[in-house]
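All residue numbers for the sequence shown refer to the working numbering, where the first residue is 630 and numbers rise by one.
I should point out that these hints are in silico values taken from the structure, not numbers from a laboratory. Note that the Cβ used here is the ideal one computed from N, Cα and C, for glycine as well. Please note that the accuracy of each hint is not assured.
With a Cα cut of at most 30 Å, we get these calculated DSSO-like pairs of lysine-lysine [what the hints assert, rightly or not]:
| no. | residue 1 | residue 2 |
| --- | --- | --- |
| 1 | Lys-1023 | Lys-906 |
| 2 | Lys-1008 | Lys-906 |
| 3 | Lys-915 | Lys-830 |
| 4 | Lys-1094 | Lys-1113 |
| 5 | Lys-830 | Lys-811 |
| 6 | Lys-906 | Lys-918 |
The calculated label-pair distances, taken between Cβ atoms and stated as ranges, are [as the list claims (entries may be wrong)]:
| no. | residue 1 | residue 2 | range |
| --- | --- | --- | --- |
| 7 | Asp-992 | Gln-700 | 27 to 33 Å |
| 8 | Ala-968 | Ala-1097 | 24 to 30 Å |
| 9 | Glu-1019 | Val-1060 | 36 to 42 Å |
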Amino acid sequence: MARESESGLPIEPVYGPDALEGWDPAEKLGEPGSYPFTRGVYPTMYTGRPWTMRQYAGFGTAVESNARYKQLIANGTMGLSVAFDLPTQMGHDSDAPIAHGEVGKVGVAIDSIDDMRVLFGGIPLDKVSTSMTINAPAALLLLMYQLVGEEQGVPADKLTGTIQNDVLKEYIARGTYIFPPKPSLRLIADIFKYCRTEIPKWNTISISGYHMAEAGASPAQEIAFTLADGIEYVRTAVAAGMDVDDFAPRLSFFFVARTTILEEVAKFRAARRIWAKVMRDEFGAKNPKSLMLRFHTQTAGVQLTAQQPEVNLVRVAVQGLAAVLGGTQSLHTNSFDEAIALPTDKSARLALRTQQVLAYETDVTATVDPFAGSYVIEKMTDEVEAAALELMGKVEDLGGAVNAIERGFQKNEIERSAYRIAQETDSGERVVVGVNRFQLDEEEPYEPLRVDPAIEAQQAERLAKLRAERDQAAVDTALAELKKAAEGTDNVLYPMKDALRARATVGEVCNALREVWGTYVPSDAF
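Using the sequences plus the hints, can you model the full thing?
Here is the structure:
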């Protein structure tokens, strides 16, 4: 009896040559580092050097997060990945009434350039690649990072890293949006233009399917809706007058890695192939780097369990292996205790050690694309590709990603998938070890890391001190210039940088833009 994959596609008990009858390896595979990039975006992949090992961290104050970053670097982390708290993600200061109870809880609280300076104190920004999970206010955090680099004497053309900057998936699956879609896309286009001139090595967007997967999207839905969002961003930039080859090489993607190794490998291969064809055929990209789907992967937080949390160490190792076999460019492995609370120092170190075991104790880095030509992998890649293209066609029929979002299409499709997963788990058809099978009569006690609630008051004190010390006239002038640019067509990042340099806060800058652009209110379709 055949099983079904996470995308609802059949998995046969046995695959043989007939599974690939009429299958053309030249068309479907190519060579590693060459179109259609099914086998990976670089010719040597991990045989030259392993993927970038990132650890996602940020909690409490900038002082605490800075200490964690230095610890991770000492343990061998090759790149930092910053988590911001919800007020920062939503463009609110820590002392705003709406921020009460959330300051420093799911990430670090950043209210101004003062906090950013502390966050990266003693960390040479020309030696570390930094990824920032920030979306609606991504421009602000990037500019503050650039300002800190300037204070360190690091030229902007030496800064490397990524801002997530993917607001469309916020409307679909995550909810940390600020502005309506149209001005949000304009802001993203301004970031593309600014970085091309000012921070040329920066990855200007990480188009994210991870959060859709966390909301319940299947692998086919994850890549379909993510690539559809990517198409919308490219169209926006082209409509703003940019040549596709001027910005496309700096686009990157962000996907999840589940425990279902075979389909995850197939998903990554299918995504590369689809993106290469879209960029070549629809947008006429000529630079091979414009056709490459480069991506970061995070292991699946949604699959971690609070019950028997040590079992998550096994899940994360399997998920990390799926990402590596799928050809990821960088990887974050979750800590085993994340289903309970913020990771402890020990659990964060174990998560990093998991990647190091994969890189240095296994043979998966010895050869490029070890699954190439596998009957099951190639068949599943074709099937996931076909399912994703069908969904992308439906998005196009609705007028593109933004129109489909406003109709609630992607959200409704993901919710249906999430409901199916919940039903299968509740019935026991989908086994979750420690949850619906192989339970313990009594869970062992575990002491989680907790955020001190006094952080909120500390941040409020810092803000009061900042407002008392700064040149308020300079702040008011800079914010007025920002609003003027937002009302017109000038790039808003230049006056935004002036405002942040003058010590305007994240909330003040976002409020200035709210006055001009308004805020997004979901339609009844949601």
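Here is how each hint holds up against the structure:
Straight-line distance between C-alpha atoms of Lys-1023 and Lys-906 comes to about 18 Å, which keeps the hinted pair within the 30 Å bound. Between Lys-1008 and Lys-906 the CA atoms are separated by roughly 19 Å; this keeps the pair inside 30 Å, and the hint holds. For the suggested pair Lys-915 and Lys-830, the alpha carbons sit about 19 Å apart, so the restraint of at most 30 Å is met. Pair hint Lys-1094 plus Lys-1113 holds up; C-alpha atoms about 28 Å apart against a cutoff of 30 Å.
Pair hint Lys-830 plus Lys-811 holds up; C-alpha atoms about 27 Å apart against a cutoff of 30 Å. Our distance criterion of 30 Å between C-alpha atoms is met by Lys-906 and Lys-918, whose separation comes to about 13 Å. About 30 Å separates the C-beta atoms of Asp-992 and Gln-700, a value consistent with the hinted range of 27 to 33 Å. Checked against the hint of 24 to 30 Å, the pair Ala-968 and Ala-1097 fails, with Cβ atoms roughly 42 Å apart.
Checked against the hint of 36 to 42 Å, the pair Glu-1019 and Val-1060 fails, with Cβ atoms roughly 29 Å apart.
Going down the numbered hints, you'll see the structure goes against 8 and 9, while the others check out.
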